[in-house]
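There are 2 protein chains.
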Amino acid sequence: MNVLLVYAHPEPRSLNGSLKDFATHRLQRAGHTVQVSDLYAMKWNAVLDAGDNTAAAPGARFDASQDSKAAFEAGTQSADIAHEQDKLRWADVVIMQFPLWWFSMPAILKGWIERVYACGFAYGVGEHSDSHWGDRYGEGTLAGKRAMLVVTTGGWDSHYGPRGINGPIDDLLFPIQHGVLFYPGFDVLPPHVIYRTGKIDEDGFERVSEALGKRLDTLMSTAPIPFRKQNAGDYTIPALTLRAGLAPDRAGFDIHLAQN
Amino acid sequence: MNVLLVYAHPEPRSLNGSLKDFATHRLQRAGHTVQVSDLYAMKWNAVLDAGDNTAAAPGARFDASQDSKAAFEAGTQSADIAHEQDKLRWADVVIMQFPLWWFSMPAILKGWIERVYACGFAYGVGEHSDSHWGDRYGEGTLAGKRAMLVVTTGGWDSHYGPRGINGPIDDLLFPIQHGVLFYPGFDVLPPHVIYRTGKIDEDGFERVSEALGKRLDTLMSTAPIPFRKQNAGDYTIPALTLRAGLAPDRAGFDIHLAQN
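Chain order of the listed sequences is P and G. Numbering-wise, the first sequence is residues 1 to 260 according to this note's numbering. Numbering-wise, the second sequence is residues 261 to 520 according to this note's numbering.
Bear in mind the hints are in silico, worked out from the structure with no lab data behind them. It is possible that some hints are incorrect.
What the hints assert, rightly or not - Straight-line distance between alpha carbons at most 27 angstroms, and here's what the computed DSS-like set of lysine-lysine pairs gives:
#1 P/Lys43 with G/Lys474
#2 G/Lys489 with G/Lys459
#3 P/Lys69 with G/Lys347
#4 G/Lys303 with P/Lys43
#5 P/Lys229 with P/Lys69
#6 G/Lys474 with G/Lys347
#7 G/Lys405 with P/Lys69
#8 G/Lys329 with G/Lys489
#9 P/Lys199 with P/Lys87
#10 G/Lys405 with P/Lys199
#11 P/Lys145 with P/Lys199
#12 P/Lys87 with P/Lys145
#13 G/Lys347 with G/Lys405
#14 P/Lys199 with P/Lys229
#15 G/Lys459 with G/Lys405
With the sequences and hints as input, model every part of the structure.
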């Protein structure tokens, strides 16, 4: 199995750095092939702009979607973008590992998403009609692949619990798990979250790395989060609202889970 | 009144660029002083790393929080960071304007938050005790100031409605409004969201700019989102969970609104 680990932490000698190395070795020992996109080590350019299309006319008005689509179709994308897209095509499983900074992913990883997720590749794919609103949310270029977040937080488990002050972790991660991963087609596994990282000593590292190891050992057998597919009948089109008979009289992120 | 507009869009000749100019002039005509942090124009460095502390020892292990705090306290922060902090101190109102990219802010703005929100400035402030868990969520360096998001989306209003496939816009913005703005003390005004931007022609621009203008005219009279203050008795400390008698048997983002 081919595993791509997209990793965003500035310090190799950190808990995140150690867990990245642990994960790589664990997966390799299980017979998988691993590529790591270590965004800080790669000095990844985090800022989407007109330079992402190497054929952009100087001084032309820049449109993020149109320019991205033109460059993707013409093969004139910046080489770093095309290379990461190749890794995504190659991968059977994509793991994104990062510390939760201000309740989301670090900017360098957000910029990886924005630039690598080209129009025509990760969005703007498929036809729009009365019964199909593009290949997205369960369909798309990355369908058939699995993805999982590995996230560390300084805050406590309870701060991210159902009634915790930061908000429930599943809700905080919904824009990523549903909006970034499920959108272009990934089956999204439940996240692996490690809390209160400031308090992890050597014994603690044994514990947290073993817990991560178990998740890595079961990547292919773990049931994905049952997000509803957009074009399978649950949503009205083009309003894209959940049909009244499903999760009736409810609202919010979790109505987009098929079990609810 | 001093207004800081933090603006993140790569193309000045865009809807966002026009709205930024409109907002600046509208506020100035009302007698306010406006500063704009135009992150793309400034070529803002979006990537938090060891270089943010100009006095960092070469080769030392980097800890994002500790190094940030040390640099903030010693006055050795990178000059671009200190300059933006000065703007925040100067401002009575902060407006953040950006297109919603992958259901969050653009990476360049996320990187502004990560770098400007130093430890000791925007977090890691105040004492921790049995009744007070730091000056945050309603207290902190930026208390007494107001903040508002101005957000554009390509998607339709209904896609971001209570049962829309993208998730409700208020929930998608919660990590920013509660986690980034309320956290260091801002009173957060309801967001101003402009949907379906691909369909806005000249008449449409009149309409959307006037609607924005009304929000700018009422910055000081608009009631903030009633997020609950962390240290005012609603939460157990240190678990930081909402007390059982408040919004009983419920979970999710909206229990952190005082009205619920």
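A quick look at each hint next to the structure:
1. P/Lys43 with G/Lys474: With a Cα-Cα distance of about 43 angstroms, the restraint between P/Lys43 and G/Lys474 is violated, given a limit of 27 angstroms.
2. G/Lys489 with G/Lys459: Not OK: G/Lys489 and G/Lys459 at ~40 angstroms, beyond 27 angstroms, violated.
3. P/Lys69 with G/Lys347: 37 angstroms, violated
4. G/Lys303 with P/Lys43: 16 angstroms, holds
5. P/Lys229 with P/Lys69: Within the cut-off at roughly 24 angstroms; holds.
6. G/Lys474 with G/Lys347: Holds, because 24 angstroms separates the two Cα atoms, which is no more than 27 angstroms.
7. G/Lys405 with P/Lys69: 41 angstroms, violated
8. G/Lys329 with G/Lys489: 24 angstroms, holds
9. P/Lys199 with P/Lys87: 35 angstroms, violated
10. G/Lys405 with P/Lys199: 34 angstroms, violated
11. P/Lys145 with P/Lys199: With Cα atoms ~35 angstroms apart, P/Lys145 and P/Lys199 exceed 27 angstroms; violated.
12. P/Lys87 with P/Lys145: 12 angstroms, holds
13. G/Lys347 with G/Lys405: Roughly 12 angstroms separates the two Cα atoms, so the pair holds.
14. P/Lys199 with P/Lys229: Measuring from Cα to Cα gives roughly 40 angstroms; hence the hint is violated.
15. G/Lys459 with G/Lys405: 35 angstroms, violated
Checked against the numbered hints above, the structure violates hints 1, 2, 3, 7, 9, 10, 11, 14 and 15; every other hint is satisfied.
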